[in-house]
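A.B. asks: Sequence:
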Amino acid sequence: MSLIFNNVSKSYPVYENSVSRIKELAFFGRRNFHKDFWALRDCSFEVTRGSTFCLVGENGSGKSTALQLAAGIFSPTRGQIDVKGRVSSLLELGAGFNPEFSGRENVFLNGAILGLSTQEIRHSFRKITDFAEIGEFINQPVRTYSSGMLVRLAFAVAIHVEPEILLVDEALAVGDYYFRQRCMRKIHELRRRNVTVVFVSHSMADVKAIGTQALWLERGHIMEIGDPAPVISKYLAHLSKKDATYVDLHKTEAGMDRGLGPSIAPEIVETIPNIDFRHGNRRAEILGINVINPYGQTINSLEPHIRLRVRISVRARKPLTSPNIGFILRNHLGVDFAGVNTASEGIEVPAMSPGDIHTVDFSFVVPELQSDHFSFTPAVANGPLDGYETCDWIDNALTLPMEHGDNPIYGYIRLPTKIEINTRLIDSNEGVSAVSSCKE
Numbered sequence: 214m215s216l217i218f219n220n221v222s223k224s225y226p227v228y229e230n231s232v233s234r235i236k237e238l239a240f241f242g243r244r245n246f247h248k249d250f251w252a253l254r255d256c257s258f259e260v261t262r263g264s265t266f267c268l269v270g271e272n273g274s275g276k277s278t279a280l281q282l283a284a285g286i287f288s289p290t291r292g293q294i295d296v297k298g299r300v301s302s303l304l305e306l307g308a309g310f311n312p313e314f315s316g317r318e319n320v321f322l323n324g325a326i327l328g329l330s331t332q333e334i335r336h337s338f339r340k341i342t343d344f345a346e347i348g349e350f351i352n353q354p355v356r357t358y359s360s361g362m363l364v365r366l367a368f369a370v371a372i373h374v375e376p377e378i379l380l381v382d383e384a385l386a387v388g389d390y391y392f393r394q395r396c397m398r399k400i401h402e403l404r405r406r407n408v409t410v411v412f413v414s415h416s417m418a419d420v421k422a423i424g425t426q427a428l429w430l431e432r433g434h435i436m437e438i439g440d441p442a443p444v445i446s447k448y449l450a451h452l453s454k455k456d457a458t459y460v461d462l463h464k465t466e467a468g469m470d471r472g473l474g475p476s477i478a479p480e481i482v483e484t485i486p487n488i489d490f491r492h493g494n495r496r497a498e499i500l501g502i503n504v505i506n507p508y509g510q511t512i513n514s515l516e517p518h519i520r521l522r523v524r525i526s527v528r529a530r531k532p533l534t535s536p537n538i539g540f541i542l543r544n545h546l547g548v549d550f551a552g553v554n555t556a557s558e559g560i561e562v563p564a565m566s567p568g569d570i571h572t573v574d575f576s577f578v579v580p581e582l583q584s585d586h587f588s589f590t591p592a593v594a595n596g597p598l599d600g601y602e603t604c605d606w607i608d609n610a611l612t613l614p615m616e617h618g619d620n621p622i623y624g625y626i627r628l629p630t631k632i633e634i635n636t637r638l639i640d641s642n643e644g645v646s647a648v649s650s651c652k653e
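For the sequence shown, my numbering assigns the number 214 to the initial residue and increments by one for each residue that follows.
Worth flagging that the hints you see were computed from the coordinates, not collected in a lab.
Here a beta-carbon is modelled for each residue, glycine too, at the ideal position from N, C-alpha and C.
Treat the hints with care, since some could be wrong.
Think about it this way: if two alpha-carbon atoms lie no more than 30 Å apart in a straight line, the pair counts; the simulated DSS-like pairs of lysine-lysine are [as the list claims (entries may be wrong)]:
1) Lys399 to Lys447
2) Lys399 to Lys340
3) Lys236 to Lys248
4) Lys447 to Lys531
5) Lys297 to Lys399
6) Lys297 to Lys340
Computed spacing ranges between beta-carbons, pair by pair [unchecked claim]:
7) Asn513 to Ala418: 26 to 34 Å
8) Gln293 to Phe250: 20 to 28 Å
9) Leu638 to Ser514: 45 to 53 Å
10) Gly273 to Gln583: 33 to 41 Å
11) Gln293 to Gln332: 34 to 42 Å
12) Arg234 to Met436: 28 to 36 Å
13) Asn506 to Thr630: 44 to 52 Å
14) Ser330 to His586: 43 to 51 Å
All chains, please: the whole structure from these sequences, using the hints.
C.D. replies: Here's what the structure looks like:
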């Protein structure tokens, strides 16, 4: 193990005003004039060597405190933390940097703090400056840096001091898109070198893409820990509505009320092949999901270049003024690959009264995709895109294998591309001639 938290708790004193603080000092700690705020309570988890461990949770949930404890910035109030290996951290923006020092001086300062010799820092200095890409500003005081320049330099230092454990807080959020891509590639490279990465992010796509484990914190308590996909699903369910009704997999079928509304017509789908996790306020419920070909036949696999329809049936249990129906397509890594809903496509779904049933078909041509399986997560909500409430959401309700063609796929998708080649041929007798070829 690289990092072990054993029943760790951390509290901070909170004073009503400055007078209370002075009173406590006057009594030399014999009387307390503060309340304890517990940022973490009885947290236990283990991070294995070479893994990428992601912390998720709302602001104030204790994520940054956990990283600060792991970095040794603070000590736990209770419990024990065991850290094995050299720790490099990128926590608060600018933490560990002296604003009056130049970027160059701060590189050597941070390296020395981490136990590197001057020779080792000099050996890595060129790599650090090349990655940071701040040019001549490396010789300017850090206080003159923009937030983007500062995070680039800080991340470059953190990853080039040969860490065994890398702690990264949400500081990367201030970087531009290009830099964030480079950071993610570097984190993947560190994983291949068996470096342990503990990562805090509000981007669930990043967590799914790089995480091997995820931990959800809520008000200092561990709510869920395990594979990223199910942890994220439960966390997002919590965010969508704090008082959402959680439906356990084994209770779902018994708990579904099929007695509402008129009898189901043949075209209505009433099959839900799988329920990994389900949440929502149940003002409406998903009756079923199916994937069919243009002839209305159920398909058992996805094939490139074939047009298909994703059919979702929804029944209202209470009035819905602005229903929004859609689905998310996930690849085998649990990454949200694509998604569509009626509101995002500008389709106005008629309002629903209790018992009304809407069946919506989403039709598209399957591209050539890089994955063994894809899952469909249907959902129904009520309200506009910027202020909706989730009525029903079913994680991975339907999973289909993906058939692959003969062409290799780089990345996630093979782009349908037209390629043209124009060649100038030099002939000593006849001069220059042009040859053109084209393939779609």
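A.B. asks: All the hints need checking, so say for each whether the structure fits it.
C.D. replies: Status of the hints after comparison with the structure:
1. Lys399 to Lys447: Answer holds: Lys399 to Lys447 is near 29 Å, not above 30 Å.
2. Lys399 to Lys340: Roughly 13 Å separates the two Cα atoms, so the pair holds.
3. Lys236 to Lys248: Measuring from Cα to Cα gives roughly 14 Å; hence the hint holds.
4. Lys447 to Lys531: Given pair Lys447, Lys531 holds - Cα atoms ~24 Å apart, limit 30 Å.
5. Lys297 to Lys399: holds (22 Å)
6. Lys297 to Lys340: Roughly 26 Å between the alpha carbons, so the hint for Lys297 and Lys340 holds.
7. Asn513 to Ala418: 26 to 34 Å: holds (29 Å)
8. Gln293 to Phe250: 20 to 28 Å: holds (21 Å)
9. Leu638 to Ser514: 45 to 53 Å: holds (46 Å)
10. Gly273 to Gln583: 33 to 41 Å: Once the Cβ atoms are compared, 39 Å apart, the range 33 to 41 Å for Gln583 and Gly273 holds.
11. Gln293 to Gln332: 34 to 42 Å: Hint holds: Cβ distance 36 Å, inside 34 to 42 Å.
12. Arg234 to Met436: 28 to 36 Å: holds (33 Å)
13. Asn506 to Thr630: 44 to 52 Å: Given range 44 to 52 Å: violated, Cβ gap about 26 Å.
14. Ser330 to His586: 43 to 51 Å: holds (50 Å)
Hint violations for this structure: number 13 only, all remaining hints satisfied.
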